[in-house]
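> As they're listed, the protein sequences go chains V and C.
Residue 171 in this note's numbering sits at position 171 of the first sequence, with consecutive numbering throughout.
For this note's numbering, add 801 to where a residue sits in the second sequence, where the first one is 1.
Heads up, a few of these hints could be off.
What the hints assert, rightly or not - Within a straight-line C-alpha distance of at most 20 Å, the following computed SDA-like cross-link-like pairs (lysine to any residue) qualify:
(1) V:K522 <-> C:N1141
(2) V:K599 <-> C:D1210
(3) V:K114 <-> V:A144
(4) V:K450 <-> C:D1210
(5) V:K450 <-> V:S429
Stated by the list, open to error - Estimated spans, in silico, between C-beta atoms of each pair:
(6) C:K1213 <-> V:L323: 56 to 66 Å
(7) V:A602 <-> C:G1081: 36 to 46 Å
(8) C:G1136 <-> V:E632: 36 to 46 Å
(9) V:P454 <-> C:T1191: 54 to 64 Å
(10) V:T487 <-> C:G947: 52 to 62 Å
(11) V:R492 <-> C:N1078: 28 to 38 Å
(12) V:E529 <-> C:K836: 43 to 53 Å
(13) C:N1078 <-> V:E529: 31 to 41 Å
(14) V:S442 <-> C:N960: 52 to 62 Å
(15) C:K836 <-> V:D587: 30 to 40 Å
(16) V:E504 <-> C:G1287: 50 to 60 Å
(17) C:N960 <-> V:L558: 35 to 45 Å
(18) V:P454 <-> C:E1193: 33 to 43 Å
(19) C:G1115 <-> V:E529: 29 to 39 Å
Hint data in this document are derived by calculation from the structure and do not stem from the laboratory.
Beta carbons are placed, not taken as given, at the ideal position from N, Cα and C, and that holds for glycine.
Below, each chain spelled out in residue letters.
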Amino acid sequence: MKILFLLLMSACPCWSQAAGQGKGTSAPYESIQRLLESAQPGRALTAIDAALNQHPSDRLLENLRGLALQQLGRSNEAAACFRKVIQLTPGSATGYTNLGVLLSETGKTGEAAKLFEEALKRDPKEFTALLGLGVGLASSSDYAKAVLYFRRALEARPGDFQAGYQYAFALGKLDRAAEAQKVLAAIHPPEDSATAARYFALRGSVAAARKDWGAARQNYAKAYQLAPASFEIYSAMVGASLQSQDPSESLSLPNSPPNLTSQQHSELGLLFASERAYTQAISEFQEALRLDPSNDLAAYDIIMCYRGSGQTEDAIKACEALLQRKPVAQLYSLLGSLDEELDRYQDAVTNLEKATQLDPSTEQYRFELGSQYLSHADYSKALEVFEAGSRKFPTAASEPLGMGLAHYALRQYPDAGEALLRALEIDPSSRTAFSAWNTTTSFFGPAEWKRMLPLAQRLADAHPDNAEAVYCYGVSMLRCQVASGETTELKRAQSLLEQAIRLEPRFMEAHLELGNVYLAEKQNQAAVEELREALRLDPESLTARYRLAQAYRTVNQLHSAQQELAHYEEQYHFDLGREYLVSSSPDAALREFRLGIQKYPASARLQFGLGLAFAALRQYSAAADALVRAMELDPSYPVYSAWNSTAAGLSSADWEKIVSRIERLLHAHPSNAQVLYCGGVAFVRSQVAQGGAVDPKRAQLLFEQAIRLEPRLVEAHLELGNLYMAEKDNQRAVKEFREALQLAPESSTVHQLLAQAYQNLGLAIPSEQEMARYRELVVRRATKAAEAGTIVQKHVLPAPP
Amino acid sequence: MPSGVARAQTQRRGDSAAYYPHYVNTADRAGLTAKTVIGGDESKDFLLSTTGGGICVFDYDNDGWLDIFIVNAWGLKGFPKGEEPTNHLYRNNRDGTFTDVTEKAGLARQGWGQGVCAGDYDNDGNLDLYVTYYGHDVLFHNNGNGTFTDVTKECGLYNSEPRWGSGPAFLDYNRDGHLDLFVCNYSRYEAGLSLYDLTPFLKSPVLMGVPGFGGGRNILYRNNGNGTFTDVSEAAGILEPLPGYSFTPLVADFDNDGWPDLYVANDSTPGLFFKNNGNGTFSEVGLLSGVAFDANGRSLAGMGLDTADYDGDGQLDIIRSNFSNEPPVLYHNEGQGFFNDRTFESGLGDAMPWVKWGIAFLDFDNDGHSDILIVSGPIYPPGVNGARVTNEDAGKYLFENAGNGRFRDISKRAGPGISEPHCGRGLALGDLFHTGQIDAVVNNINETPSLLRNESPSPNGWLAVKLIGTKTNRAAIGSRVSVICGARRQVQEVRSGGSFCSQNDLRLHFGLGRAQRADRLDVRWLSGGREIFERVAANRLVTIQEGKGIISQDTF
């Protein structure tokens, strides 16, 4: 196509020249041109040779001869003709241009470029030369230079399709999609469907680059209509469609091109899967597999799609089927993780063990196996696995990390500390290893610290610019000094901790320990300052707060000490209550929060905790009472996360007791986003509880106002979206939910609601995508909760707090 | 004398500076042969199976020799008739042996016994006993004739609502000359036989400790002076703090204002420090005082308590035993009612393994510095599934006071009585054999008790002091004695309760080092009176009666 374009263009100057020079001669230029246009180069050549006999050295005839020979594929002869034209008219661009076109067709782009440049010296606006140069540069990916020529070509011939297309293409390559779009908008494709398809495809890709998925989809659709056999265009259209979530667009895809290969079906499947359109993806992968039963990748992808769409059982079946043919470690590992999702611990372990046996050289399988044991409280086995893994993979930080956690769970604290330091030595950036080590050391006596000291020193020597490594050494030294009663080296510990702070000024633990150093050195005022900084960095640190209170006491600031201790105690009760909630002991949590409130009745935080505990016990009336009380005490304390679920459990009688308090809150705090939000929820829920229709106006106003005050209040967007959905205004509902999604992309609730709204609008694919994401987040959250609770906190039989 | 003595003498001759005690368990040959039963051998699913085990060393018959009272408990499945466990009173035969006189004394009683304390609540000159139970506590009046009578109801101490009593202590909080009573309660009664709910990751209920079950309510009973008591907990401010899981009370005048204060060891919740306001009320100031938590603000599993002036600065310090992987906490008294956790600085930080229970300051070598003895025992005692206690589960710690604010662990060099593993709980001290050296009795779960006799005579001198109050309560509980010997000053108070739900000998024992006498003996009676004695000879028990001075001196 490129050649055709150039040929057409190269013919143009000839016409004018031929026409201009045709006057007064008898050479049959026009008839020859017509023969060339109608692709009859043989006849044209005959006519040209006949004319040349009469008019030898006629440059126009030579030029036409060259064109005819070019059409006949007799390139050398054509080149000779064009060279003759150059000889005859050295000042004209024509010969150079046409010779350049010929050479570029035969791949001699370098020479062609020189010829085009010569042509441009003679005629700076010589269109074909400009285009030819641009194309040559573009073919060697020098788009930055190519666009300059394309632009000049388009200036020389505005609206020219070839120039415009090439220009837009090059601009797209330079990520100048907006400019490319303008160029494309100014040209019109020719009628031949292949070229038009390419045009629309380019428009589509430019729109996609601008993330205008709707426009991209439309253009690809047009291109596909013109080229229904084009897989590339079809897959681009699918991609744009999946990205496009414009609810005004009715999303439906045409059939894919016929006779696609297994590989192409797989590619489509991947496209669908990447956007969580798992149903379509599975269908494509299945087709790929049908065409090529040995397409293991497609079989694997089916498993992943089932998994992604929450159909874990189907994923397992598919995985087991594939394993029949391909018993490889990777699949056993995958099967193990699928079992884990369904809490089939024994199966998971069996499969992970097989994975490690089949591929002992892949560290990941061993780590997964160890993690399984760890998360199911089989700590001894976990330790065995990690110990073996550590020997086999001495450069993998995850193995000693796993060892450390297993030792910790077995209450083998010094061994845990040693393993965790080893993990840090391999990967000093591991926050998990550092946090675990710091927690472990709270069980250390002097003997353990003495054991840690050389290891910590080695760590610091290996990573002198890593704040955590230096800190570990510093705190080990400090503890050893204090325990031995020899405080002569405290300065060294001090300087290490100061160094850690220089490396990371926001290192709370380092500030805390430096405060301890000052206390040990009786520099009490300095200790106060350092501990205040630690607390500033982490206001939730109970240790920092307690130490600060002690430090205040040493400098006789008893009032400050008491203030800190009051804060400490209040937070202590809250943290303990929250721990009980996390470990599913709501009764204990309730007791704890109540105890705290007895002493600190003005604590909004404790009231909030009380509300959570009541809600966990499904005592929603009491929960609501506590949450409202929290807001009454401090309307800025965030309770909204618990408000919605609590409100859903209230009866109309409960609401009667609460609504007046809500009204008072609204009256007292008309500009408090949380109060407005909670008020809105109250009005909606109370009406629902009363069994009547929901009059959304007031609630809607409150939510909108809350959003104006706090645009990032996700819950308000959700509630507003719910209201719209209830009024069947799904478009607006989608808008609100999408707004919420921007703010909280990991919120499973938002995805679920958005899926519902899409469903209401009949948008099946986006709905399915959102539901897939919802399921993914739910599974991930459950896994994370199990893991986090498992590894350090939950599954260690609790020593007293 | 056993061969250990010869061995010890060799040690002494070889290196007089390096004295080590040699504790031997003589319980068997001494006749302490009854087994303490707590929960039985079958399983240890319940919290109730893990607590209890108080023990008391006191002279019940006023013959000048210390007797032993051992609290017993019960099992989950009952016992054949005639084999039911009971508390035991062992009378000292004065020859190294003891006789079980429980029945004769009227102290045979079945139940889930927990703790014990001794005191003369009616000032009749005979030490009475208060025994706590999971259920209903009992006050045993010492009739003075070798028998005791349960006078709980008559005294107004009976509570129809069952409770989980733990550590008790007599004290005269209002200094009216009559002993009042403070009783700790561990947890809500129902918690004793509750199981945790099924947890998602473990397939059967597991005993996970007491947090979450709801704390017990401690009680202060005021002695009305007429043989009855009144619950004044609320009026006295004892109920102000939130309920915790209280084990052991420790009574002493920590701020040197002449009024007895109260420190309570709580399991997993902050310790409580009740400062006596001198007007019949207390203020709980544990947080500000620095004794609620450890140095890092962690509340540990507090079990047992004792107090002594370990560094000779005139202030009574506190030692507390804790759970495994927690060291015992040493709170140094800074004065003005403030304490600092000096555990690591003092060298006690390595006492991490084992669950620690009974704890006491003692001067095992009579050098005038308070050493520390700690008893440990696993939560799950021997007998469960055939398990036996090993050295990994339990042992005792003996820390020698180095005299510079630090302690050193000499457990491995202190004789088999220290190194043998048992599932220990309560610990009580006293000079049971009149050797001038402190012996120890330990209540072991599902075993016979240990009677640890130091068979290595110390080269140092000693002085024991027995106080008899007249204006002050008869047992002189709460009175303080300071002994100055050379440059060293020692301070002790007569104290009821302490250790782990247990009771030490009420007589005060002072090591004098190589001195032949105490230069000065200063008695501060709780009533406010003061008596000073100069140049009191060493190696004897002096009995001092309020207002009358030294009324007797017994050498042994």
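> Please name the hints from earlier in the document that this structure breaks, with their numbers sorted from lowest to highest.
Failing hints, ascending: 2, 5, 7, 9, 11, 12, 14 and 18.
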